[in-house]
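A.B. asks: Going line by line, the protein sequences match chains A and B.
Each residue of the first sequence is one higher than the one before, counting from 1 in our numbering.
Each residue of the second sequence is one higher than the one before, counting from 1 in our numbering.
Some chain B residues close to chain A (C-beta under 10 Å, calculated; not the full set):
1) Asn75
2) Ser78
3) Pro84
4) Met86
5) Tyr97
6) Arg100
Not everything, but these chain B residues come out facing chain A in the computed CB check (under 7 Å):
7) Phe79
8) Phe81
9) Val85
10) Arg88
These aren't lab readings, by the way, just hints derived from the structure by calculation.
If you're wondering where the values come from, they're calculated on a predicted model, not measured in any experiment.
Just so it is clear, CB atoms sit at the ideal spot from N, CA and C, and this is done for glycine as well.
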Amino acid sequence: MGDLWSGLLQAFWLVITFDPELVEIAGRSLRITLTALVIASLIALPLAALLAVRRFRWRRTVIALMNALMGLPPVVVGLVVYVLLSRSGPFGVMGLLFTPTAMIIAQVIIIVPLIASIAHQSLRELWTEYHDLLISINVTQGQKIRTLLWDARRALLTATLAGFGRAIGEVGAIMIVGGNIDHATRVLTTAIALETGRGDFALALGLGFVLIALAVTVNLAIHWLGRTEREGRW
Amino acid sequence: MVSDLFPMTARQAQTTRRGKVLVGPVDLRLDGGGVAMVIGPNGAGKTTLLHLLHGTARLTSGTIEWACPLEAARNQQSFVFQRPVMLRRTVLENIAYPLRIRGHQRADAYEQARDWADRVGLGAMIDRSALVLSGGEQQKLAIARALITRPRLVFLDEPCASLDGAATREIEQVLQDTREAGTALVMSTHDMGQARRLADRVVFLLHGRVHEEAAANTFFEAPVTTQAAAFLRGDIVE
Ligand SMILES: Nc1ncnc2c1ncn2[C@@H]1O[C@H](COP(=O)(O)OP(=O)(O)O)[C@@H](O)[C@H]1O
Ligand SMILES: [Mg+2]
Numbered sequence: 001m002g003d004l005w006s007g008l009l010q011a012f013w014l015v016i017t018f019d020p021e022l023v024e025i026a027g028r029s030l031r032i033t034l035t036a037l038v039i040a041s042l043i044a045l046p047l048a049a050l051l052a053v054r055r056f057r058w059r060r061t062v063i064a065l066m067n068a069l070m071g072l073p074p075v076v077v078g079l080v081v082y083v084l085l086s087r088s089g090p091f092g093v094m095g096l097l098f099t100p101t102a103m104i105i106a107q108v109i110i111i112v113p114l115i116a117s118i119a120h121q122s123l124r125e126l127w128t129e130y131h132d133l134l135i136s137i138n139v140t141q142g143q144k145i146r147t148l149l150w151d152a153r154r155a156l157l158t159a160t161l162a163g164f165g166r167a168i169g170e171v172g173a174i175m176i177v178g179g180n181i182d183h184a185t186r187v188l189t190t191a192i193a194l195e196t197g198r199g200d201f202a203l204a205l206g207l208g209f210v211l212i213a214l215a216v217t218v219n220l221a222i223h224w225l226g227r228t229e230r231e232g233r234w
Numbered sequence: 001m002v003s004d005l006f007p008m009t010a011r012q013a014q015t016t017r018r019g020k021v022l023v024g025p026v027d028l029r030l031d032g033g034g035v036a037m038v039i040g041p042n043g044a045g046k047t048t049l050l051h052l053l054h055g056t057a058r059l060t061s062g063t064i065e066w067a068c069p070l071e072a073a074r075n076q077q078s079f080v081f082q083r084p085v086m087l088r089r090t091v092l093e094n095i096a097y098p099l100r101i102r103g104h105q106r107a108d109a110y111e112q113a114r115d116w117a118d119r120v121g122l123g124a125m126i127d128r129s130a131l132v133l134s135g136g137e138q139q140k141l142a143i144a145r146a147l148i149t150r151p152r153l154v155f156l157d158e159p160c161a162s163l164d165g166a167a168t169r170e171i172e173q174v175l176q177d178t179r180e181a182g183t184a185l186v187m188s189t190h191d192m193g194q195a196r197r198l199a200d201r202v203v204f205l206l207h208g209r210v211h212e213e214a215a216a217n218t219f220f221e222a223p224v225t226t227q228a229a230a231f232l233r234g235d236i237v238e
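This is chain B alone, in the form it adopts within the complex (with noise of 0.2 Å):
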């Protein structure tokens, strides 16, 4: 696929609902590939940003600019929710949809959706409803859903939030072989230990804004707000 969806920039981004800015003015860059990880209190405005930045959410002020146009730009990119979403529908035929939507034949699409059942570790339930399925397995359908339309880049809303250790190495394996493959990752968690094992950069947001952004290794050694010491400490930040 054409690599012509990077650099991403926002200028001046603010999404505002009833009045009240949730999430900006925020200035960012992404360059792509690697893992952008954004960390921040609850309400800080993690999910709103990686649905502002998806196109999602509604951009009420300020721009933010693909490579390419905003059409080709949206199909290059998946989301995958906090709560996974989960179609009515078989296993097999839930990682099949987006091919399907995008015009690839039964056959094809359902070819292609078990080799990345397999490659998330379900391949022995494609035919279950997706519906019985744990809320690790939900996630792990929710990434391969994602992934196989090969997009460039994918943003995760805390995909292992409210998983259990065994679930969340597995999706952090899928999500480092990703990675490896050159997807460019953009996700929130809460999870400290999960940012240090996984981000290459580190966005630091407080109040809808982004407070402190560095690479990683930098970030978690140095940390140049108090905020965000505080916050790697542990400490409460408001």
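Here chain A stands alone, though its shape is the one from the complex (with noise of 0.2 Å):
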């Protein structure tokens, strides 16, 4: 009890006296983080829309490899990703272990197959709604893709949610391929394993809170921009 309690106050004297080195970390985590979740959507969304409309051979094996994505054990992700990029993995030459860019890498594709997948349910739903009425109007392929990411942003909007969520506190495969370096790869979650081990609970529990504070934040705003577009919409 008495750490939580000290955690909470040391975390509040980080945030108010803008620690330097918990803006860093905390701004690296989010930088880091929102990439991923950029990259991930622009792969996840446009994939799940084309397997709700399209029939073709593979689909369903494709579905399936997708939901068992899902559930890849994050310290798996960050292994292989690790093999690939180290110096004697075929992208050695690259040069990225140890770098933002491997740990974006690696929350890339542990968030795809959880977005593209929640992303596929309810596009797969609402085609089957619009069906008819797109098919009889002859719309395009392209324009059958836009209409349903369009009309089902919200339901999208929660799916790149709960990529973020995933994202954001991922810990297992950052830590391994980004080696939780002092100002370089060291994120809020790396960090507080990092204090954890040591030992000072207060700065780990303050880290944590503020790790909270940050995913319900973000959460927040997006919830907030949904409505507000609702709002001047319906």
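The task is to assemble the complex, starting from two chains supplied on their own in separate frames and drawing on the hints.
C.D. replies: So this is what it looks like as structure tokens:
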């Protein structure tokens, strides 16, 4: 209980003093995760829409694979990315290991299946609703996908939020591929793991509270954006 | 718009699903203009026939030919479903949608949509979500959305099923106006009163086949087949 209390106090102190290290770490967390989120969404959302509207040979296989990948242990993703990016690996020459880019790659791999699965679910529902009309109007494949993505945007927002939550709280994979290097790849989660290991529970808790605050703030901000947009239209 | 859609000729047109014939073989000709009313008992194949002619059900054998290439023919038709499909958008955006798909500028599409909303009596609710409309209002929206591209032919599948009398009357008025403007209508109905009020021609469907086809007056006054006569009497026809 004392740890929790002093953690809260320390978090409060770190925040109101704009502790430079905290700001740096939190900023890096946010930057890496948001970058991964944007990239993952650009892959996952069109993929989900395509899987919803298009019948092709491997459709069922891809969907099953996507659902299976959703349960992929992040540590294993980290390990695989590590092997691929390590100096002896196929992409070793690019020198990406222990950089934020490597962490972004790992996060993208972890959240693409998650975002795509959730998005696919709601897009498929919408497609059964819209199917007859859109076929009758003779829309092109691209128009079909754009219509679905636009009209399902609220559900898609929820899907991306789930992706954000998963990515910002992820620790295993980015620890492996990022290395938790001070001033380079240290983010909130890896810093928490480090401070906990060192026995500095107060600082770890402080960082934890900042992490929670960050996640909640981003969630609220996105929901708020979604709501004002909705009220403006409906 | 060019009027090279008609005549449409269906020859031995048939659609099957999992080996079962849903509709056909059907021979049918549409010359354009007026209301062709497809009637028949539940499960006779009215919905399927409409989809088949429109091109949204798969033709498994036979042919359906228009006076112009299929792509051009499709662009001169629209379809109103028994259960209207509402896009999760406002009334105005729903009505404007087909024009947007065809590449019209937003301002132009919305202006025309506003005009059509007025014509079907939805002028006061253009900014509302289409999802909160009543059944009758949704059907009116669907009709406005079907007409905004100025098609030469509109299919309507039981457009007034499950609507109350007032909504039915309003929709029939819109359909009369459309007919008088020269648009051909092919519609199905359950309601023999509606068939009598609107039909120019009647296509009586039974077991997926055209059992009897005639000018509306002739059909209603002197049906040829015993099944058609029985159906008009309100008997159960199997
Ligand atoms: N998706 C479907 N799969 C299999 N059979 C169908 C399907 N849709 C309709 N049918 C069958 O096709 C026949 C014609 O149906 P339908 O065109 O809906 O008739 P109606 O509109 O006259 O009631 C019916 O026997 C119905 O059971
Ligand atoms: Mg039907």
